[in-house]
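Mind docking these for me? Both chains are given alone in their own frames, and the hints should help you get the complex.
So the sequence lines, in the order shown, correspond to chains R and V.
Numbers 1 to 51, taken from my numbering, label the letters of the first sequence in order.
Numbers 52 to 240, taken from my numbering, label the letters of the second sequence in order.
Hints were generated in silico from the structure; no laboratory data involved.
Here a beta-carbon is modelled for each residue, glycine too, at the ideal position from N, C-alpha and C.
You can take every hint at face value.
Covered by chain V, according to a simulated footprint, are these stretches of chain R (three or more residues, beta-carbon under 8 Å):
#, segment
1, 5-15
2, 18-24
3, 29-35
Pair by pair, the computed Cβ-Cβ distance ranges are:
#, chain 1, residue 1, chain 2, residue 2, range
4, V, G234, R, G37, 24 to 30 Å
5, V, G149, R, L4, 19 to 25 Å
6, V, A54, R, A33, 35 to 41 Å
7, R, H41, V, G150, 22 to 28 Å
8, R, K21, V, G79, 31 to 37 Å
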Amino acid sequence: MLALIFAIQTLCLVLVLREQKTGALGCFWLSLALTLGWFAHHATDSLGISF
Amino acid sequence: MLAGQSLAYRLNILAMFCMLGPLVGALGVQWTGDLPCPLCLLERLAMFAVIIGLAMNLRSGLRPLHYGLSMAGALAGAAIAGRQVLLHINDPAGGGYGGTVLGMHLYTWALVVFVCFLAGTAVLLMIPGGLPAETERPDPGTTWNGNRLARTACYLALATCGINAVLAFMECGLGQCPDNPTGYWIFGG
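Just chain V, with the same shape it has in the complex (with noise of 0.2 Å):
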């Protein structure tokens, strides 16, 4: 059934920008000076994790193990980013960590992505012929060199994650991060 896994793949790359999005949106908010706290750090981490998932379905083919991996990392996710949406309903100062986008935080906002993606991929599974049998030869549209679209997604989660690598480390060097970080620990923030 190649018209299930055709649009099972697209769906995959759909959510991929969509994990993408935040990530790079994170990154524009984080060049405005508004540095990330560790627990919005370690939501940044759940984030790639799905995206590592959803990278081997794009590049060696859909398979259930490749949606559990994902699934995996945003069930991390919700779990950090529901903690940290309790913690700061329990702050008797309120107001919130960071900014916010269209009225919620990026936390909030963090959590919705999580929910969302596991329900998304819950429809995902249930697409008749979504996931090809082991002998099947896929459509030239499915796969990692007739597909455009899904290696500029894993080139660009790939260039993401170096990106926050490198700027974790020089938040943070290689301890712990501050809870209200101000600057930057490599030029003696």
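Bound-form chain R, shown alone (with noise of 0.2 Å):
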């Protein structure tokens, strides 16, 4: 998922250097909800306290 992620992050700021600004927020906008949703899961998993 992670991975994922950041190749969405590598997307935006490719769409960011060609000025394709709709196409770069939506990446963005997409990529910060999945960064805050899996930071929620996280949060809320049984995952121990190490990480």
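Structural data, given as structure tokens:
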């Protein structure tokens, strides 16, 4: 999952550098939503404290 | 007010390198065999969210929207790093996760970086003339083609993000990362 989010952000940066703003904004919000969703998952699952 | 714009543009480049520093440093730490935990990787993602807003400023011009994107990323990052710091304060075993740099763990440094970025952006937005009007012609030093340092920072960010994508896949695959990673998933670790 984290690799997928990094890949979306890489795509986002490519779109930023190509000045394709709409696509870049879409990728940005998608990656941020996935990041926060995955963070919420790690905050509520049964993983140990050590991470 | 071109002086304000020029200063704001240069400070954006500085902020970009300040964000890239810990990310490149973290790759160096990873190279020594200290693998990042899931929350550490989430903090890196938040740093790249900050970088995306900064890159938009450098590529397409200084805009409130771009600052807003960076600040959203920094807020998410501060929440993630803050949680990790609190987890380890509350950990009876103590010790924290991973090694330290100048006496602080990397996730503590991440929290410091995010808070400093938010404070810095507050100052940046107060620079008189720091945000150009839509009709205003930008100073040549504050455009993508006129500033080699801005291009270097953006391409370095792109390369670092791509490397992180590959390393995250090697460490965790497409599933959930182990809470205490000891080896790369792709190598059967």
